[in-house]
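Engineer: Protein chains in written order, with our numbering: chain C, 30 to 143; chain F, 236 to 354.
Hints are not guaranteed to be accurate.
[Said to hold, decoys possible] To give a feel for the contact side, a few chain C residues facing chain F, derived at Cβ under 10 Å:
| no. | residue |
| --- | --- |
| 1 | 130 |
| 2 | 135 |
| 3 | 136 |
No lab work stands behind these hints: they were computed from the structure.
Backbone N, C-alpha and C fix where the C-beta goes; we use that ideal spot for every residue, glycine too.
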Amino acid sequence: AQSVTQLGSHVSVSEGALVLLRCNYSSSVPPYLFWYVQYPNQGLQLLLKYTSAATLVKGINGFEAEFKKSETSFHLTKPSAHMSDAAEYFCAVRDTGTASKLTFGTGTRLQVTL
Amino acid sequence: GAVVSQHPSRVICKSGTSVKIECRSLDFQATTMFWYRQFPKQSLMLMATSNEGSKATYEQGVEKDKFLINHASLTLSTLTVTSAHPEDSSFYICSARSIPRGASYNEQFFGPGTRLTVL
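Model the full assembly from the supplied sequences, consistent with the hints where possible.
Structural biologist: Structure representation (structure tokens):
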């Protein structure tokens, strides 16, 4: 069964600092990988996805993630944090079958301080 | 991009009553819809997967008689929480997916969620 592990349930950065949210996956074959953001009392918004094309994926709001097969990782980064980035971030994995299901990580709450 | 709506966004009900939550794909046909449950400060847990015109497939541990799912059309799925109790209070999120012709990858879109509070 596939799974994702998000290291750090809570990450705090200063405004303007680098954001690094970690995600490691477990899958027998390279899967599809996703990062979602959730603001309070809202649904999920897709930040970016890896679907076996370029390993460096650029998403919305200045975020990007790099698929590293050797490390089974898909860490999310942003060069400079903004106050509006404060939210819950979920990494998710799915195998490549069209009928497959998403499995979510436990989430990382990003706090941005002045 | 594709839009998924949920109604209501927030509902408060008395214990023992039933509550229906609607999930609609507004600008695409959803061959598959998913229902998730999210407890405070926790991740999303898949409850069930429904395909249009067929019975929903429930995840292990989810009571199918408690959480009735109907996917009657390609744009509408409903989740009915029957005889709700306070422990059913949660944030319920639906998601919809289509399978474009010739595509190997199909996007999954999420609704804004419904906050259910059972008194």
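Engineer: Against chain F, is residue 136 (chain C) within 10 Å by beta-carbon distance?
Structural biologist: holds, 5 Å
Engineer: Given a cut of 10 Å on the nearest C-beta pair, is the interface hint for residue 130 (chain C) held or broken against chain F?
Structural biologist: Because about 6 Å separates residue 130 (chain C) from the closest Cβ in chain F, which is inside the 10 Å limit, the hint holds.
Engineer: For the hint on residue 135 (chain C), just tell me whether its beta-carbon gets within less than 10 Å of chain F.
Structural biologist: With a minimum Cβ separation of about 5 Å from chain F (threshold 10 Å), the hint on residue 135 (chain C) holds.
The structure agrees with every numbered hint stated previously.
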